[in-house]
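Use the sequences and the hints to build the structure in full.
Be aware that the sequence shown starts at 1, since it is given in our numbering, and climbs by one per residue.
Some clues are possibly wrong.
Lysine-lysine pairs mimicking DSBU-like chemistry, simulated, CA-CA at most 35 Å apart [what the hints assert, rightly or not]:
id, residue 1, residue 2
1, 73, 297
2, 164, 73
3, 183, 164
Calculated from the structure, these hints are not laboratory results.
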Amino acid sequence: MSFANAHQAVMKRQSKKGRCLHFTDGIQCNEIISAHSIQKRGQLGLIAEAGHVYRLNADLSTLKETGGKPLPKKIGVNRASTFPGMCKQHDNKLFSPIDDRPLSVDPHQVALYAYRSICREYFVKENASKTLTEMLEHTGLTRDQRRFLIGAAYGQSLGFERLKRHKLIYDDCLAANDFTELKFVIFGSTSRCSLQASGLIFPDFDFQGHQLQNLGPETSDLDLLVFFTAPTEYGWAFVLAWHESSNLSCQRFIHSVAKSGRSGAKVEDMLLRFSLACCENHAIRISWWDSLPAVAKNQALDFMAFMADPTLGIRADYLMAGCEGLADWSFDNVQDAS
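Put into structure tokens, the structure is as follows:
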């Protein structure tokens, strides 16, 4: 079996190994389910057309065919953004405040959306780390391939350990039902929504190209920023959230958004650019994507490739410009709880 096919097989096997990532650590778990990291009824329901959305497809065969660019792929909402990372009992009980009610300025709701993003990324990073470690045993690796795999496995393991620290922080907040240390900014909209996202990032650069923190292995504790879209009573919202232990980088990131806005940049463009470049867990309105000119699609795909291709280096200016005018939505208000 070729390396690419073997890698795909191992990834598929790992992704099917369900486990409950609830903060009680497996106590009183029942049936493991395919949980939606992007809410089916509230989030996906806002953009689905004939029960389908586009999602990002960045498997090895696709990247090989496109020269490293991911491609949108049509998928039914029942399967979009799912991962077997919760048992049915814990998923239903824990997330009912966001599954049964629209988002408001409620730290508990924001914490739950953030926790969903973290659990999904935890699941993905743990799988990737185990897959790369297993692939080091693949027969027939060249010296260059082995060297690349060793570096990639180390990077995934480091990223997973860094994320694990933040999951424990949110575990403690939810277990104690204490959200006083949670900070967030909500960008509200009453216009049509064409993109849903749920992701996180260790912020590296801001919208002016300034470094926020050094992501090198010598940095022990990194700040974490979580972002997601959510349905509200009057429309939908894009939310940036973090624990106060990540204040330094995240506050500077928020100030950067405001600074670019004062200089004439549109927040809609900035957050679309940020979403495409810093998240691979999207759901996209089919008619919106299909209506984009080829040049605009290629520009969006270039930004998506930041997350899909680990061989691409991150430029300091990657958030400064791009995707202007692509968003067909607008934000009406901002609620700052930072």
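Tested hints:
no., hint, verdict
1, 73 / 297, "holds, 14 Å"
2, 164 / 73, "holds, 30 Å"
3, 183 / 164, "holds, 20 Å"
Consistency with the previously given hints is maintained throughout, with no hint failing.
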